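A.B. asks: These protein sequences, in sequence, are chains A and B.
Going by the working numbering, 396 is the number at position 54 of the first sequence; the sequence numbering is gapless.
Going by the working numbering, 1491 is the number at position 46 of the second sequence; the sequence numbering is gapless.
The set of hints was computed from the structure by calculation and includes no laboratory data.
Computed from a predicted model, the values in this text were never measured in an experiment.
Ideal Cβ placement from N, Cα and C applies to all residues, glycine included.
Each hint should be verified, as a subset may be incorrect.
[To be verified] So the derived list for chain A, only partly shown, Cβ under 8 Å to chain B, looks like this: (1) I362; (2) N364; (3) P382; (4) E384; (5) G385; (6) P386; (7) S391; (8) I395; (9) F431; (10) L442; (11) F444.
[What the hints assert, rightly or not] DSSO-like mimics (lysine-lysine), calculated; alpha carbons at most 30 Å apart, straight line: (12) K1502(B) with K379(A); (13) K437(A) with K1516(B); (14) K1502(B) with K410(A); (15) K1456(B) with K398(A); (16) K413(A) with K396(A); (17) K453(A) with K380(A).
[Said to hold, decoys possible] With the C-beta cut set under 10 Å, the calculated list includes, among others, these residues of chain B facing chain A: (18) R1454; (19) I1457; (20) Q1486; (21) R1504; (22) S1507; (23) F1519; (24) A1533; (25) L1536.
Below, each chain spelled out in residue letters.
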Amino acid sequence: DQQVKQNSPSLSVQEGRISILNCDYTNSMFDYFLWYKKYPAEGPTFLISISSIKDKNEDGRFTVFLNKSAKHLSLHIVPSQPGDSAVYFCAASPKVGGKLIFGQGTELSVKP
Amino acid sequence: DTGVSQDPRHKITKRGQNVTFRCDPISEHNRLYWYRQTLGQGPEFLTYFQNEAQLEKSRLLSDRFSAERPKGSFSTLEIQRTEQGDSAMYLCASSLAGGGNSPLHFGNGTRLTVT
Chain A
343 DQQVKQNSPS LSVQEGRISI LNCDYTNSMF DYFLWYKKYP AEGPTFLISI SSIKDKNEDG
403 RFTVFLNKSA KHLSLHIVPS QPGDSAVYFC AASPKVGGKL IFGQGTELSV KP
Chain B
1446 DTGVSQDPRH KITKRGQNVT FRCDPISEHN RLYWYRQTLG QGPEFLTYFQ NEAQLEKSRL
1506 LSDRFSAERP KGSFSTLEIQ RTEQGDSAMY LCASSLAGGG NSPLHFGNGT RLTVT
């Protein structure tokens, strides 16, 4: 059973516009949520996280929103840049520092 | 660079052979994780250690797979009698347990191809 789902395998956005990546989860015990970015032939790189006591966390161009009642989180990138083109994974855990359950990933392409 | 290091980067082996991968975590991190990733999927959890103790194993980890972290520093993942279905990217990650906001930091993986 897929506890963390990213239903869009790909997303294409124009440079300078907003990219919105979505993620849904089913396990109400998840308490800590993260987004990772992955380039080909490299491991995932941590981007931004949010704990369940918050509904928003911002770091530069990246903002993560958490809607616990809908069991939904999203990553906003604004403005999008061509270097943001990568596969983005959302992940969740019942606690900080615990094992992560990953979604299937969304491949973002930012076109100049 | 003091990130997570994995060796080798690539391994090609014939079905039935044994393979061993090594992971060196970030030095101050006490937790070490192994994940497996296949094409089009997210990383799947295999097992993790806190110091030298193996605290959890996924049911994905058949008895052909064994992981060790003998001194609480580096870890090895061995696959015995490899099968073609074992072909995947094997990722290692480390984190600091109890360190507040402590995400997992991943290495660049070992890509295994079983022919």
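A.B. asks: Okay, which hints does this one fail, numbers in order?
C.D. replies: Of the numbered hints, 1, 2, 3, 8, 15, 19, 21, 22, 23, 24 do not hold.
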